[in-house]
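Start from chain A and add chain B according to the hints.
There are 2 protein chains.
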Amino acid sequence: METTTGFDWALLLPFLGASLAAGMTGWMFKPGDWYESLAKPDWRPKNWMFPVAWTTIYILSSLAAARVAAIAGSGQALAFWSLQIALNTLWTPTFFGARRMGLSVIVMGGLCVAVLGMLWTFWALDGWAFVMILPYAGWLSLAAPLNWRIWRDNRGTETLPEGG
Amino acid sequence: METTTGFDWALLLPFLGASLAAGMTGWMFKPGDWYESLAKPDWRPKNWMFPVAWTTIYILSSLAAARVAAIAGSGQALAFWSLQIALNTLWTPTFFGARRMGLSVIVMGGLCVAVLGMLWTFWALDGWAFVMILPYAGWLSLAAPLNWRIWRDNRGTETLPEGG
Numbered sequence: 001m002e003t004t005t006g007f008d009w010a011l012l013l014p015f016l017g018a019s020l021a022a023g024m025t026g027w028m029f030k031p032g033d034w035y036e037s038l039a040k041p042d043w044r045p046k047n048w049m050f051p052v053a054w055t056t057i058y059i060l061s062s063l064a065a066a067r068v069a070a071i072a073g074s075g076q077a078l079a080f081w082s083l084q085i086a087l088n089t090l091w092t093p094t095f096f097g098a099r100r101m102g103l104s105v106i107v108m109g110g111l112c113v114a115v116l117g118m119l120w121t122f123w124a125l126d127g128w129a130f131v132m133i134l135p136y137a138g139w140l141s142l143a144a145p146l147n148w149r150i151w152r153d154n155r156g157t158e159t160l161p162e163g164g
Numbered sequence: 001m002e003t004t005t006g007f008d009w010a011l012l013l014p015f016l017g018a019s020l021a022a023g024m025t026g027w028m029f030k031p032g033d034w035y036e037s038l039a040k041p042d043w044r045p046k047n048w049m050f051p052v053a054w055t056t057i058y059i060l061s062s063l064a065a066a067r068v069a070a071i072a073g074s075g076q077a078l079a080f081w082s083l084q085i086a087l088n089t090l091w092t093p094t095f096f097g098a099r100r101m102g103l104s105v106i107v108m109g110g111l112c113v114a115v116l117g118m119l120w121t122f123w124a125l126d127g128w129a130f131v132m133i134l135p136y137a138g139w140l141s142l143a144a145p146l147n148w149r150i151w152r153d154n155r156g157t158e159t160l161p162e163g164g
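Protein sequences appear in the order of chains A and B.
Mapping of the first sequence onto the UniProt record's numbering: residues 1 to 164, in sequence order.
Mapping of the second sequence onto the UniProt record's numbering: residues 1 to 164, in sequence order.
One chain only, chain A, in its complex shape:
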């Protein structure tokens, strides 16, 4: 549990499983007619890029977590990782499931704080782990403004789904 090189599968698997749980929300709550009908900015990534980006981010951030988890003093880093994965799992049901766009912006804001906390703590523990979460930070720098723009440009059009 205390090695500092390579990957320990017992450490990696729970983080990968947690990321799989987050990713399953995208499979359960898909963009459909409702999402297509929303006003969206031209600079948004193409629809196919989202699952590609998130799959990459989930794998790299799980590998990064397994690296830092093997280092003594990683409690704060893993606390931020836990916050990140909970908010990440919450975002898709909030936006695509409950269609609460305003609330999804708040969840996204919390997610940005969590990833900033990861950047700060991972950097101090392991250079490779830090590099592995840079794509996450990069993607959020697009996704967060996009989320905010979609909320701003579609206020008042929120229609809750049945049971939502």
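Each hint should be verified, as a subset may be incorrect.
Ranges of calculated distance between the beta carbons of each label pair, as one might list FRET restraints [unchecked claim]:
| hint | chain 1 | residue 1 | chain 2 | residue 2 | range |
| --- | --- | --- | --- | --- | --- |
| 1 | B | Asp42 | A | Ala39 | 32 to 40 Å |
| 2 | A | Ala137 | B | Lys46 | 42 to 50 Å |
| 3 | B | Gly26 | A | Trp148 | 23 to 31 Å |
| 4 | B | Pro45 | A | Asn47 | 39 to 47 Å |
| 5 | B | Ser141 | A | Gly26 | 25 to 33 Å |
| 6 | A | Trp43 | B | Pro135 | 45 to 53 Å |
| 7 | B | Leu142 | A | Leu142 | 40 to 48 Å |
| 8 | B | Asp33 | A | Gly102 | 36 to 44 Å |
| 9 | A | Pro135 | B | Leu13 | 23 to 31 Å |
| 10 | B | Ala144 | A | Val113 | 27 to 35 Å |
| 11 | B | Asp33 | A | Tyr35 | 22 to 30 Å |
| 12 | B | Lys30 | A | Gly102 | 46 to 54 Å |
| 13 | A | Ala39 | B | Pro41 | 45 to 53 Å |
Computed footprint of chain B on chain A, listed as stretches where at least three residues anywhere in the stretch have a Cβ under 8 Å from a Cβ of chain B [to be verified]:
| hint | segment |
| --- | --- |
| 14 | 15-29 |
| 15 | 38-45 |
| 16 | 49-58 |
| 17 | 63-70 |
| 18 | 124-136 |
| 19 | 150-156 |
I should point out that these hints are in silico values taken from the structure, not numbers from a laboratory.
Where is the CB? At the ideal position from N, CA and C, for every residue including glycine.
Chain B only, in chain A's frame:
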């Protein structure tokens, strides 16, 4: 970050935030007419007990995580905690949002594995942290069979909500 007594707020807040994210799913996806219409066993807890139990579990398991996070060698324990909070956040949208009862049983199974992993790893690190997750294990020993029974007794009646 390396103290072994008391609580470090910088450690506790991300875990509490993650638990709040999980808890928000219950506020977004509520049991309604659909849930009331399902066949449910007599031994189930009363509806009001669920939020009381989960609030207690979220607070205690966050405190437990903050305790073990301050101990060197807690990587495996926090990996299981991360898995737990992601699956916990996923369960309510799966069941009450997407109304996928069969899938919710699988998510619940993963959640039980994560909490068993927590029992095993927390026990080795800190007696109090172990005690603080016992209510979680106890509640799942009711919730998991209940989830399974509801799925078994209502197969074929799954009606997906609009957009689900």
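Verification of the supplied hints:
1. B:Asp42 to A:Ala39: 32 to 40 Å: Distance hint for Asp42 (chain B), Ala39 (chain A) is violated at roughly 50 Å.
2. A:Ala137 to B:Lys46: 42 to 50 Å: 45 Å, holds
3. B:Gly26 to A:Trp148: 23 to 31 Å: At roughly 26 Å between Cβ atoms, Trp148 (chain A) and Gly26 (chain B) fall inside 23 to 31 Å, so the hint holds.
4. B:Pro45 to A:Asn47: 39 to 47 Å: 42 Å Cβ-Cβ, so the 39 to 47 Å window holds.
5. B:Ser141 to A:Gly26: 25 to 33 Å: 31 Å, holds
6. A:Trp43 to B:Pro135: 45 to 53 Å: Once the Cβ atoms are compared, 48 Å apart, the range 45 to 53 Å for Pro135 (chain B) and Trp43 (chain A) holds.
7. B:Leu142 to A:Leu142: 40 to 48 Å: Once the Cβ atoms are compared, 43 Å apart, the range 40 to 48 Å for Leu142 (chain A) and Leu142 (chain B) holds.
8. B:Asp33 to A:Gly102: 36 to 44 Å: Violated: the Cβ-Cβ distance is about 26 Å, outside 36 to 44 Å.
9. A:Pro135 to B:Leu13: 23 to 31 Å: 26 Å, holds
10. B:Ala144 to A:Val113: 27 to 35 Å: With a Cβ separation near 33 Å, Ala144 (chain B) and Val113 (chain A) satisfy 27 to 35 Å, so the hint holds.
11. B:Asp33 to A:Tyr35: 22 to 30 Å: 26 Å, holds
12. B:Lys30 to A:Gly102: 46 to 54 Å: 18 Å, violated
13. A:Ala39 to B:Pro41: 45 to 53 Å: 47 Å, holds
14. 15-29: holds (count 10)
15. 38-45: Coverage by chain B is violated here, the residue count being 0 at a Cβ distance below 8 Å.
16. 49-58: Coverage by chain B is violated here, the residue count being 0 at a Cβ distance below 8 Å.
17. 63-70: Contact hint for the segment 63-70 of chain A vs chain B: holds, 5 residues under 8 Å.
18. 124-136: With 0 residues close enough to chain B, the hint is violated.
19. 150-156: It is violated: at least three residues are needed, and the segment 150-156 of chain A offers just 0 whose Cβ sits closer than 8 Å to chain B.
In this structure, the earlier hints numbered 1, 8, 12, 15, 16, 18 and 19 are contradicted, and the remaining ones agree with it.
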